[in-house]
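Using the sequences and the hints, build the whole thing.
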Amino acid sequence: MANAHAHDAHDHHDHHGPDKGIMRWIKTTNHKDLGTLYLCFAFTMFFIGGLMSLVIRAELFQPGLQFVDPEFFNSMTTMHALVMIFGGVMPAFTGLANWMVPMMIGAGDLALPRVNNWGFWILPFGFAMLLSTLFMPGGAPAGGWTMYPPLVLQTGNAFPMLIFAVHLLGISSITGAINVVVTILNMRAPGMTLLKMPLFVWTWLITAYLLIATMPVLAGAVTMLLTDKYFGTSFFTASGGGDPVLFQHIFWFFGHPEVYILILPAFGIVSTIIPTFARKPLFGYASMVYATASIGFLSFIVWAHHMFTVGMPLAAELFFMFSTMLIAVPTGVKVFNWVATMWRGSMSFETPMLFALGFVFLFTMGGFSGLMLAITPVDFQYHDTYFVVAHFHYVLVPGAVFSIIAAVYYWIPKWTGRMYNETLGKLHFWLSAIFINVTFFPQHFLGLAGMQRRVPDYNVMFTDFNQMSTIGAFGFFLAQFLFIGNMLACMFGKRDGKVPERVWEGAHGLEWTVASPAPYHTFEDPPLVGDNGEPVAAGKPAHGH
Amino acid sequence: MREWDTRLVVGPNASLTPRQALWFMASVSLVAVVIAVAFAAQGLWPILPFAGLELGALGAALWVSLRRNRYRELVDFEGERLRLGFGWMERGAAAELDWPRAWTRVELVPGRTRNSPSQLWLRYAGQAVRLGRCLTDEERERLGRRLKELLPPVWKSTPVGEPEWSPERLTTGG
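One line per chain: the protein sequences are A and B, in this order.
The numbering used here puts the first residue of the first sequence at 1, with every later residue one more than the last.
The numbering used here puts the first residue of the second sequence at 1001, with every later residue one more than the last.
Any given hint could be a false lead.
Said to hold, decoys possible - Some chain B residues flagged as far from chain A (calculated, every beta-carbon gap over 12 Å):
#: 1; residue: A1040
#: 2; residue: E1078
#: 3; residue: R1081
#: 4; residue: G1092
#: 5; residue: R1101
Unchecked claim - Here are the simulated distance ranges between beta carbons:
#: 6; chain 1: A; residue 1: A489; chain 2: B; residue 2: P1110; range: 31 to 41 Å
#: 7; chain 1: B; residue 1: R1067; chain 2: A; residue 2: T227; range: 36 to 46 Å
#: 8; chain 1: B; residue 1: R1112; chain 2: A; residue 2: L371; range: 54 to 64 Å
#: 9; chain 1: A; residue 1: A340; chain 2: B; residue 2: P1018; range: 34 to 44 Å
#: 10; chain 1: A; residue 1: I301; chain 2: B; residue 2: M1025; range: 43 to 53 Å
#: 11; chain 1: A; residue 1: F492; chain 2: B; residue 2: P1018; range: 25 to 35 Å
By construction, these hints were calculated from the structure, which means they are not laboratory data.
Ideal Cβ positions, reconstructed from N, Cα and C, are used throughout, including at glycine.
Okay, here's the thing in structure tokens:
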């Protein structure tokens, strides 16, 4: 008993409020602070990765070697991918999950706030390690983000840094995924059953499941590369009886679910935004959930479509071709449902909606080129050409990145209590949509004509399309400064006029019942969720700051 | 036989049952272990320990959450006595207190900063116990008001009113 008193007396000084200055951000366990940190980190990485892409595109503006040597060019393609995937898109979605998942399910915070803090702060160290390789003797990794042996084993001093950085980024992803899973399962408000959860929460639950299932494969794969290089093992070394192709199998066994890790939360975002601006409930909610789960399942059985050309038995090629095509079915269900949601809706076209529509249109184009690549004999022709580059950039830039931008425009009034500048937002959308097509559409033609990827020089016949692509890339990069300026104004600008709790007329969900800006601790009293997913009783939301 | 007139039960909100947690853990483990074993059979055994570590972390996170869900604070009022119990369900009380009701004081301390959570304390003769850790500020305030009603100062002490026979339960949504 006495111990209990002493223990309690010691706790008298503990608190969970923010510290002042920099320590607030280092020590914070608050989901909103960490969401902001994740998003700021992700946009910094987008900027760095974007600069790398400009180096690539500048070099490819003309045939021949202009600005960089081939080794550095290959470093740029490798680092651009690693930075954009692990530093940009994944942390951005984790940031959005940090901000929105607790608010959407009526929870006060994530289930494991301290783990959340560690998960974030691993990231800057991981990327500091990875980016420091640019200044090392031998340069940064240049064997491609897929790290295929034996090429990657030729990396110099950067090699162990690459492996350790990938491990750190993996740990960060896993902590984030576990936190999201436990939060969604355990901290939903009374009445919020699984099939009343917003689609963004559902897609994140399935994403987290995929992350947990596949991350050990990546961790094991890169560890085996490390032991092959430094400890005399021969997992992937042919001279020692190993098989380099086996690495491709395990890498893509992780890599293809990773593709869906990068896009499923985007589906959730678009499924949130379209009903808001169509002023209609989402068409086919349950089918959306099942379609997402189906995509998650199928992602485990399609990996070898990335490596048709290594030489597989015909039966395997047929299996992976048909299973890949099967993904078009649940994806088609989603696209159909988005279109059906808009059908006869009272549509308006604010910036988040424009980006969501851009997503639907352009992601679908990326999906179609993916279907072309799924056809084995066709893939034999397209493999390692710019057609593949065009395909995955259509999926990831107007797909994942557009959805992240849409989400930020959609929720930033809730986060900051300030409305963004709509005119600038629309200008940002149109410039982005135009330049992204100028950048990547010509790459389809380059690939079909036979231009190889990851090569700094090319045949003179490819010059025109490459010049278009480079102009588009620079235009797209510059257009993002409109976004940065608009968002900085929301974060730090003068607050004129009050932003209402429900910022968008057609928005539904618990996050729109709290004040704008959302208070540091969101729900001071648990909301009770009714049949339609809206709060029906209790649930006195906290007041703003 | 009931030993209390009024009972307040304080516990966290929880939407996960142990059975659901078990099913979830089993499904993730099945997928992760099948994958790891399949690759181990191809000679790629280093995936196995990573899968084990990760499943261990997931299991630990679920276990911590389920353990927190079972935390309860019991405040029993019986005549002139106040009994406090803290602990986890199905394990018995980890700590118990028995104080004179008339000499026990309730104190709701606002958070140190505007965003710090408030603290609810019961004090008696130099001892202090913090209540409602798993509650939100609003709920703590409500609990504090109810405790003040049930713990009138000694100079205002009047015979305790009619016993309330049903336990009151407070849970948090966050």
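Status of the hints after comparison with the structure:
no., hint, in the structure
1, A1040, "9 Å, violated"
2, E1078, "18 Å, holds"
3, R1081, "15 Å, holds"
4, G1092, "14 Å, holds"
5, R1101, "17 Å, holds"
6, A:A489 / B:P1110: 31 to 41 Å, "34 Å, holds"
7, B:R1067 / A:T227: 36 to 46 Å, "38 Å, holds"
8, B:R1112 / A:L371: 54 to 64 Å, "59 Å, holds"
9, A:A340 / B:P1018: 34 to 44 Å, "40 Å, holds"
10, A:I301 / B:M1025: 43 to 53 Å, "23 Å, violated"
11, A:F492 / B:P1018: 25 to 35 Å, "47 Å, violated"
Hints 1, 10, 11, counting from the list given before, are not met by this structure.
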